[in-house]
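Working from the sequences, and respecting the hints, build out all of it.
In the working numbering, the protein residues as written are 131 to 626.
Hint data in this document are derived by calculation from the structure and do not stem from the laboratory. Worth double-checking, as some hints may not be accurate.
As the list claims (entries may be wrong) - Lysine to any residue pairs mimicking SDA-like chemistry, simulated, CA-CA at most 20 Å apart: (1) Lys-529 <-> Asp-438; (2) Lys-296 <-> Lys-621; (3) Lys-446 <-> Leu-362.
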Amino acid sequence: MGRVVVVGGGNAGLSAAIAAHQSGAEVVVLDRGPVDGSGSDSFYTGGLFRVSYHGLVALEAIVGPLGMDASSGIERYSSYTEGDFLDDWARVTGYRFDVDLAEEIVNESYEAIQWLSEQGVPFLSGIIVDANGQARHSRPGWHGGFVEVSGAGPGLMRGLQNAVAKHGFAVHSDTEVLEIEPPNGSRSVKLRARIAGGETKHYEADTVVLAAGGFQADSEWRTRCLGPGWDLARVRASPFNTGGGIKMAMALGAAPHGNWSGAHAVAWSVGSGEHGSPATNHIFERESYPFGITINSEGRRFIDEGSDFGAYTYAKYGREILRQPEQRAWQLFDACSADQLMDEYKQRNPYAAREREQTLEALARRLSARGANGEQMLTTITEFNEHVDESVAFNPYLKDGRTTRGLAIDKTNWAQRLTEPPFEAYEVTCGITFTFGGVRVNLQGQVLDAAKRPIPGIYAAGEMVGGLYYFNYASGTGLTSGTVLGRRAGKAAAEV
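Have a look at this one:
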């Protein structure tokens, strides 16, 4: 076994490094971010992994006892098969995704989660029994097979970094790889990096695994690829994911692949700042929109908030907000929605961008003072309330079919009148998570050229891999993909 250098210290990169080390390789990780792991997008995630499983016993093997009382309704979650996973992934991406890669990710999803657990990553179930003794997803309005990392993204990174420490290989933080020279004949791969203080350092390896993320933190590149206005999107996570790994791979002849004009983009608090902060992590998420209504600064609705489970719409609605005047919107809720709001809404901070009033008229005045059309907001709410079909029971854990009828944009599920004070409004903009365009790889993670030939010694995993997501995204798929493809690339790189 030879020497493997992994570029990137997030979920995909550390999964590749650990797998390579387990396969007998000498491993070094070069990470552009700081030592605490916050340079990776993985740090800023909610820690959700989408996973296929057969039977609740399989989940219990990872997350511990679930309290399997049939009277709780937990049997509804008794399985999430490979077919279920693949169908959901295919549906939200318009069947444009790389089927071969997706099938491998889906088929290995349970094994990958089990492997992470063995490495010391602590998992919780995405299924809980609530105060009423009923089983439900931990996130109202979510759907699919999930496990969650205890401590979310920071917990994931702590678990992986602890595993690295046990394996005993080196991770060099504050190290930005600038250039890769491929092997020529029998020569090794050479890397040139800039370390803290600006000094240049050189590394050599038999193989390199690139796991350096997408280009979402490069405002010029994302605007060039995604279109006008994307320079104004807030970066949810790491400021270091500027596409350096993709650029280096393409300089070696890697074929660009996937939806280069697409991105994972969500409703995000306007008070978040320029990019992610380790101190606040993901508290600016605003993903409970299915249980209220969303208006733009003109006071009008512009999306069907209940078109599908939030797990299948949240990653595309950021784009819709970016298209609105001033790239902002307001999520509106009343007291009846309070139990459905995710914890991020309840964390009070000076940047929450929240308004709260006992009457809609007072709330309208507040929004008018912030540049929104409060008068039109009142008209929009009145019209919405008049068109809610209350003959259908509200159920936040199923597609309940409780709709409006006759509006220009009807709400398909979870329609409730806004009538019970207090009334709340959360100002949101577009938060970009990661870009969909990347490089083409085969099932072993080898980076391919335009003729689909492997580039000697170069592998890739994580957000750098193109072809997995088009138009939209199924929640939890990214971390699962990163682990599966990271393990595959690390193992294959070690065996060269």
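Check your understanding: Which of the stated hints cannot be reconciled with the structure, identified by number in ascending sequence?
Key -> none
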